[in-house]
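J.: Spelled out, the chains give:
Number of protein chains: 2
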Amino acid sequence: MDFNSFLTSLGTSFVLFLVLMFLFTWLSRRPGNHVLYYPNRILRGMDPYEGLRASRNPFAWIREALVSTEADVIRMSGVDSAVYFVFLTTVLGILVLSGLVLLPVLLPVAATARGVMKANDTTSEGSFNDLDKLSMGHVEQRSARLWAFVIATYWVSFVTYCLLWKAYKHVSDLRAAALMSPDVKNEQFAVVVRDIPPAPEGQTIKEQVDSYFKAIYPDTFYRSMVVTDNKQVNKIYEELEGYRKKLTRAEAIYAESKAAGNPEGTRPTTKTGFLGLIGKKVDAIEYYDEKIKELIPKLVAEQRVTLKDRQQSAAIIFFNNRVTAAAASQSLHDTMVDTWTVSDAPEPHQLLWANLPKNFYTRRIRQYVIYFIVFLTIFFYMIPIGFISALTTLDNLKKLLPFLKPVVDQATIKTVLEAYLPQLALIIFLALLPKFLLFLSKAEGIASESHAQRAASGKYFYFSVLNVFIGVTIGNTLFTALKRIEKDPNSLVPLLAESLPGSATFFLTFVALKFFVGYGLELSRIVPLIIFHLKKKYLCKTEAEVKEAWAPGDLGYATRIPADMLILTIVICYSVIAPLIIPFGIIYYGLGWIVLRNQVLKVYVPSYESYGRIWPHIYLRIMASLILYQATMLGYFSAKEFIYTPVLIPLIVLSFIFVLVCRNKFYRFFQCTALEVASRELKETPNMQVVFRSFIPPSLSSEKADEDQFEDALSHVV
Amino acid sequence: MDFNSFLTSLGTSFVLFLVLMFLFTWLSRRPGNHVLYYPNRILRGMDPYEGLRASRNPFAWIREALVSTEADVIRMSGVDSAVYFVFLTTVLGILVLSGLVLLPVLLPVAATARGVMKANDTTSEGSFNDLDKLSMGHVEQRSARLWAFVIATYWVSFVTYCLLWKAYKHVSDLRAAALMSPDVKNEQFAVVVRDIPPAPEGQTIKEQVDSYFKAIYPDTFYRSMVVTDNKQVNKIYEELEGYRKKLTRAEAIYAESKAAGNPEGTRPTTKTGFLGLIGKKVDAIEYYDEKIKELIPKLVAEQRVTLKDRQQSAAIIFFNNRVTAAAASQSLHDTMVDTWTVSDAPEPHQLLWANLPKNFYTRRIRQYVIYFIVFLTIFFYMIPIGFISALTTLDNLKKLLPFLKPVVDQATIKTVLEAYLPQLALIIFLALLPKFLLFLSKAEGIASESHAQRAASGKYFYFSVLNVFIGVTIGNTLFTALKRIEKDPNSLVPLLAESLPGSATFFLTFVALKFFVGYGLELSRIVPLIIFHLKKKYLCKTEAEVKEAWAPGDLGYATRIPADMLILTIVICYSVIAPLIIPFGIIYYGLGWIVLRNQVLKVYVPSYESYGRIWPHIYLRIMASLILYQATMLGYFSAKEFIYTPVLIPLIVLSFIFVLVCRNKFYRFFQCTALEVASRELKETPNMQVVFRSFIPPSLSSEKADEDQFEDALSHVV
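Quick note, the sequences are listed as chains P and W, same order.
Going by the UniProt record's numbering, the letters in the first sequence line up with residues 1 to 718, in that order.
Going by the UniProt record's numbering, the letters in the second sequence line up with residues 1 to 718, in that order.
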């Protein structure tokens with residue numbers, strides 16, 4: 001890619017971004033779209049225009065995002081979102097501080113070097129360009145100028161250490177503040193116990209659990225809720241809910257037909273067979289009504305059977321104070337670690353019930369099996385990506401698909417295509433994976449949704465770095481370098497180091513595309529908007545259906561964080577080699593901060609709260625990027641035959657020490673709740689009845705607040 | 001060494017053992033020696049002859065050892081001793097079961113092989129011997145007979161897994177039974193808290209600690225005892241105790257002189273200067289009396305100052321029930337892991353007070369520094385051992401010290417010297433190290449004596465295995481193999497595998513010497529007996545001094561276990577290569593079991609109780625030996641050019657899985673107390689006052705039970 005196509009790519013991206021931003025300003029003012037641009041506010045019963053009414057400035061949202069505080073974010077979107085912004089701020093800080101030193105120092109040093117670029121050091125076919133002159137590749141081998149780059153490597157590392165340390169402390173405080181809040185949070189009074197051994201003869205699991213915990217916590221044990229196998233009851237419940245929805249829909253259609261001039265109305269009909277498409281034609285309202293009446297007693301009966309006979313080897317234990325629950329979740333209860341495993345309870349709605357009864361060793365084995373599958377996935381995908389990045393050059397395309405030639409040879413189309421083709425392929429490719437990884441993470445037997453999301457996020461990160469960053473970099477010179485790797489697999493780092501400068505412009509474009517188009521689409525919400533209006537017009541009949549159509553979802557950490565991380569890895573690895581990438585990184589994170597601040601305050605609704613548990617994952621992966629960067633630099637300096645290269649080794653050692661110290665100091669508080677935090681006073685005495693009921697899954701909760709029927713598996717009043 | 005000198009060595013060792021055993025039978029019957037042969041019984045106020053009076057059989061002690069139960073051991077010597085016997089029994093089981101299969105199968109297979117021994121495969125100068133014919137070295141390369149040895153390797157491993165699994169379960173039960181005992185054990189009501197942050201302005205550390213824990217445990221917190229810097233007060237206390245001892249001694253001398261005919265008696269005198277050797281001559285009793293009177297108020301004043309002004313950043317917290325203490329010791333208290341670090345309290349008398357205030361990071365750094373020192377020690381000692389084992393062959397000695405030639409050339413002397421020389425050098429050499437390792441372990445900042453002993457034991461094990469086993473084996477062919485290691489350090493395992501058969505007879509002799517002479521000396525207690533009688537005759541004047549002279553000490557795990565482990569490592573590594581070593585191992589562990597059963601029941605007094613915490617250390621080191629054995633076998637089969645050698649690789653993988661599973665299932669209960677165990681009912685309500693006072697160090701406890709003066713640092717009545 002030459003300098004021209006790079007500028008074109010940048011320009012078109014920017015124009016696209018501007019268009020999308022003005023589209024957003026225009027669309028978000030139309031009241032019919034409020035549910036799409038302010039759903040978080042609407043769901044919290046707030047005025048969508050709050051604070052905005054005064055100004056009609058199209059950039060008002062930017063001002064609003066900038067003046068919003070961390071407390072606003074926590075109030076509107078929880079601690080996890082606030083932690084995500086700490087991440088953005090920290091990376092932004094790292095990049096700005098790095099840029100302030102690296103740009104004014106390294107660019108002149110590189111530009112004034114004699115220059116040693118070889119033909120194969122650039123992505124395009126042998127044509128040097130102005131960007132390459134500003135990179136470390138332009139400095140001759142063994143030059144004393146390389147000292148400036150060594151110092152820069154140290155500077156970036158130290159800036160990262162300092163800011164990460166501050167951020168870890170800050171997040172720790174955020175988590176503590178949220179956990180010590182005087183509001184009653186149901187999950188703080190419960191623990192999950194798994195691997196309950198088979199109950200002795202003549203005892204139900206519930207009785208066993210109750211007597212076990214009452215003996216240990218005579219004063220603080222409240223009740224237990226044994227986990228049941230809900231497959232059957234869930235099926236009936238879903239069937240019932242389905243008919244209820246259909247009934248509401250049929251009634252809405254009937255009401256509509258009445259309103260549409262026909263005072264009698266047309267009673268909607270349905271067929272009793274498969275999907276309402278075959279079978280006898282009946283009156284829909286009557287039919288659904290009848291079905292519902294039929295299913296309710298069936299559900300109640302099934303609930304009874306489930307609670308009595310389908311008790312599993314897991315339970316939720318409730319305590320009447322937070323300190324006991326916090327201490328219990330951290331303590332060994334049985335002499336064998338693989339029985340009566342206790343851990344802290346997540347929020348009720350994010351408990352993965354089906355995973356709870358999974359056995360200790362089953363969980364371990366599943367984990368290893370899934371790590372192996374992920375490993376295969378990562379390395380299996382490497383081959384197609386290598387091919388794609390090699391195939392999607394225009395010249396190759398023309399060779400493979402000759403009929404494209406007349407189109408492609410036009411100058412403008414050629415430039416645009418040349419700029420976008422490889423990156424687009426990459427981005428589409430990456431969209432396929434997250435669901436699969438989340439599915440795998442849940443299959444590990446993890447107890448909570450948030451934990452599964454974190455696990456998926458981690459897997460996706462390793463996938464991105466290995467496949468996109470390393471894969472593309474090496475794949476770029478893959479056909480020349482393939483034999484070398486085969487001969488000696490250890491040559492990955494030096495090979496990566498040598499290949500890096502060649503891919504610099506590719507990644508510059510990639511980052512630019514990501515931030516302009518990505519954040520443009522994010523802000524304007526064009527796709528959800530179109531889908532919503534289509535659904536509303538042609539599908540939705542009831543209030544509930546409309547509401548479902550605009551439900552905004554959450555921030556999607558499982559894909560968002562790995563994507564941000566990939567950018568960070570790219571930018572940090574190139575920061576010294578091609579410092580020009582730093583401003584792009586700054587724009588990515590700065591723009592991301594503003595756009596997402598808007599989205600978090602107004603659009604996304606968090607689907608769970610893990611009190612910042614995502615942070616250690618983020619932190620560790622930032623450090624992984626930093627260490628990859630340091631190793632790459634070590635390899636690159638060697639490739640430059642710089643004899644003082646070993647001065648970089650202490651840096652890598654330092655990184656590992658830093659990881660160790662942070663882990664020692666901070667990590668355990670993110671695994672469990674510190675007792676000091678849990679011991680803070682509550683605003684009011686918790687209503688244990690409410691706490692308890694919040695954990696009953698919807699399919700098992702009865703319509704009436706009649707409790708007796710839950711006596712079997714759920715409860716035992718002390 | 002040829003077969004003759006081996007038999008001589010064995011024979012003389014056996015005779016020595018018989019002599020020592022009869023010496024024991026004879027000496028232990030003389031009432032004057034009872035304090036040496038039955039101290040544990042005497043200190044527990046039991047009749048030394050209990051159960052023995054009926055029989056006058058000289059082997060009665062063997063019968064008594066054999067019929068004693070595990071419960072007897074626990075009653076007389078605690079859980080730790082019982083765990084030590086589980087270790088002996090388990091290893092004995094492993095060796096017996098291995099021997100039952102390996103001896104009848106492998107010996108004929110090896111003996112009937114064609115034979116391929118080369119000159120350098122034996123320790124002696126090219127002369128083959130009968131022992132070597134019975135070893136795997138005698139089987140030709142690539143022979144199908146090697147399959148028998150492969151199966152044997154698997155058999156030994158599986159026997160080890162099974163017995164270790166059973167043993168781990170059994171020890172876990174022993175620990176649980178001891179911890180759930182209905183007797184009040186003071187340490188179960190306390191936790192140690194370290195890394196207390198600096199107290200806020202206007203608060204003492206004690207006030208800070210009290211308010212912190214009272215907030216978290218409003219109902220169960222009893223009192224706190226802040227750790228003080230006791231250097232000054234200890235000095236005065238020791239001075240005072242010294243004068244008290246001297247006073248008793250002077251009074252005893254005076255009484256003796258009166259009894260010896262002189263009705264007036266001679267009042268002993270002393271000098272006031274250095275060590276009572278120079279200075280003014282004074283009446284001793286008056287002088288000491290005066291000194292004591294002088295020191296008592298000084299001590300009281302110093303106690304006050306210490307408790308008030310020398311409070312350190314650590315404390316002991318007391319709870320009024322066991323469950324809270326157990327849960328507290330496992331829970332994170334502060335959001336920062338490096339402050340308010342809580343761990344369970346060891347027995348009061350084994351707390352290492354001076355280590356408690358050491359800072360979190362100081363402890364970590366000390367640990368790493370000490371690991372490095374130990375690493376250096378292990379590898380620094382390797383050189384001298386290599387030299388010793390190369391120098392102390394008779395031929396070398398004759399060359400180096402020609403004047404010895406006439407003595408050494410006599411046939412009997414030559415045989416004896418040849419048998420003992422290398423082994424004796426080794427045994428003396430090993431006696432130097434344990435104290436140093438214990439000192440290092442304490443310097444790590446460990447909180448309890450038992451933990452320090454465990455740490456020292458672990459270090460000593462690695463030292464023994466690396467230096468004695470590997471060092472001697474390779475050192476044996478060191479001068480031929482030195483260049484090879486230099487070229488390729490990875491060649492250690494194949495080199496070791498090749499060198500093993502050559503050292504087989506050396507180690508056979510080593511094991512035999514260890515069990516016959518070692519256990520003979522252990523049983524007969526000749527050395528302590530002589531020292532005791534000398535001390536009693538010439539030094540001891542008072543009752544207390546006599547008692548001190550016969551104090552038996554404890555089992556000495558820090559050196560005993562590594563020594564046993566070394567034998568196990570040797571025997572297990574040779575079990576398949578030279579199966580003849582197995583009977584020697586069986587005798588070592590069988591004899592050890594009987595002799596030590598006697599010693600534990602009658603002689604040694606445990607100096608602490610860690611409730612079996614030593615077991616995971618023992619277990620892990622048995623597994624380390626097993627893995628070393630498997631790796632060695634892998635190397636040895638390769639050296640035999642056996643093409644199916646890789647069938648041994650799954651075995652090593654299996655060992656690692658076994659370690660992992662055991663760790664997951666059992667280990668945590670050895671780190672902390674399971675709540676279920678701690679929740680068992682007590683025989684009586686604990687007297688918290690007594691529990692509290694048991695932790696006051698002697699130098700700080702006052703004569704009168706007056707408490708008010710402890711208010712400052714120790715106590716705060718709730």
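Calculated directly from the structure, the hints in this document are not laboratory data.
Model, not experiment: these values are computed from the prediction.
Treat each hint with caution, since some may be false.
Cross-link-like lysine-lysine pairs, in silico, DSS-like; alpha carbons within 25 Å at most [stated by the list, open to error]: (1) P/Lys280 - P/Lys246; (2) P/Lys166 - P/Lys665; (3) W/Lys291 - P/Lys185; (4) P/Lys235 - P/Lys293; (5) W/Lys246 - W/Lys291; (6) W/Lys293 - P/Lys214; (7) W/Lys291 - W/Lys214; (8) W/Lys235 - P/Lys214; (9) P/Lys683 - P/Lys665; (10) W/Lys235 - W/Lys291; (11) P/Lys683 - W/Lys185; (12) W/Lys166 - W/Lys537; (13) W/Lys185 - P/Lys214; (14) P/Lys214 - P/Lys231; (15) P/Lys665 - P/Lys258; (16) W/Lys235 - W/Lys185; (17) P/Lys235 - P/Lys258; (18) P/Lys246 - P/Lys683; (19) W/Lys665 - W/Lys245; (20) W/Lys547 - P/Lys442; (21) P/Lys665 - W/Lys683.
J.: Against each hint, give a clear statement of whether it holds in the structure.
T.: Hints and how they fare:
1. Between P/Lys280 and P/Lys246, the direct Cα distance comes to roughly 17 Å. Compliance with the 25 Å bound is thereby established for this hinted pair.
2. The suggested pairing of P/Lys166 with P/Lys665 holds, with an alpha-carbon distance near 13 Å, which does not exceed 25 Å.
3. Note on W/Lys291 and P/Lys185: the hinted pairing is violated, with a Cα-Cα distance of about 66 Å set against a maximum of 25 Å.
4. With a CA separation close to 16 Å, the supplied pair P/Lys235 and P/Lys293 stays within the 25 Å bound.
5. At roughly 11 Å between alpha-carbon atoms, W/Lys246 and W/Lys291 fall within 25 Å of each other, so this suggested pair holds.
6. Only pairs whose Cα atoms come within 25 Å are accepted, and W/Lys293 paired with P/Lys214 is rejected, the gap being roughly 57 Å.
7. Between W/Lys291 and W/Lys214 the CA atoms are separated by roughly 44 Å; this puts the pair beyond 25 Å, and the hint is violated.
8. The hinted pair formed by W/Lys235 and P/Lys214 fails the criterion: a straight-line CA distance of about 50 Å is larger than 25 Å.
9. For the proposed pair P/Lys683 and P/Lys665, the alpha carbon gap of about 30 Å is over 25 Å, so the pair is violated.
10. Taken as a hint, the W/Lys235 and W/Lys291 pair is honoured in the structure, with Cα atoms around 15 Å apart against an allowance of 25 Å.
11. Taking the CA atoms of P/Lys683 and W/Lys185, the gap is about 39 Å. The hint is violated against a cut of 25 Å.
12. Under the criterion of a C-alpha separation no larger than 25 Å, the hint pairing W/Lys166 with W/Lys537 is inconsistent with the structure, at around 50 Å.
13. For a cut-off of 25 Å, the pair hint linking W/Lys185 to P/Lys214 stands: about 23 Å separates their Cα positions.
14. The suggested pairing of P/Lys214 with P/Lys231 is violated, with an alpha-carbon distance near 30 Å, which exceeds 25 Å.
15. For the proposed pair P/Lys665 and P/Lys258, the alpha carbon gap of about 68 Å is over 25 Å, so the pair is violated.
16. Between W/Lys235 and W/Lys185 the alpha-carbon distance is near 30 Å, which puts this suggested pair outside the 25 Å criterion.
17. Our distance criterion of 25 Å between C-alpha atoms is broken by P/Lys235 and P/Lys258, whose separation comes to about 35 Å.
18. Simply put, P/Lys246 and P/Lys683 have alpha-carbon atoms about 43 Å apart, too far for the 25 Å limit, and the pair is violated.
19. A hinted pair counts as satisfied when its Cα atoms are at most 25 Å apart, and W/Lys665 with W/Lys245 does not qualify at roughly 52 Å.
20. Simply put, W/Lys547 and P/Lys442 have alpha-carbon atoms about 67 Å apart, too far for the 25 Å limit, and the pair is violated.
21. Taking the CA atoms of P/Lys665 and W/Lys683, the gap is near 41 Å; set against the 25 Å cutoff, the hint is violated.
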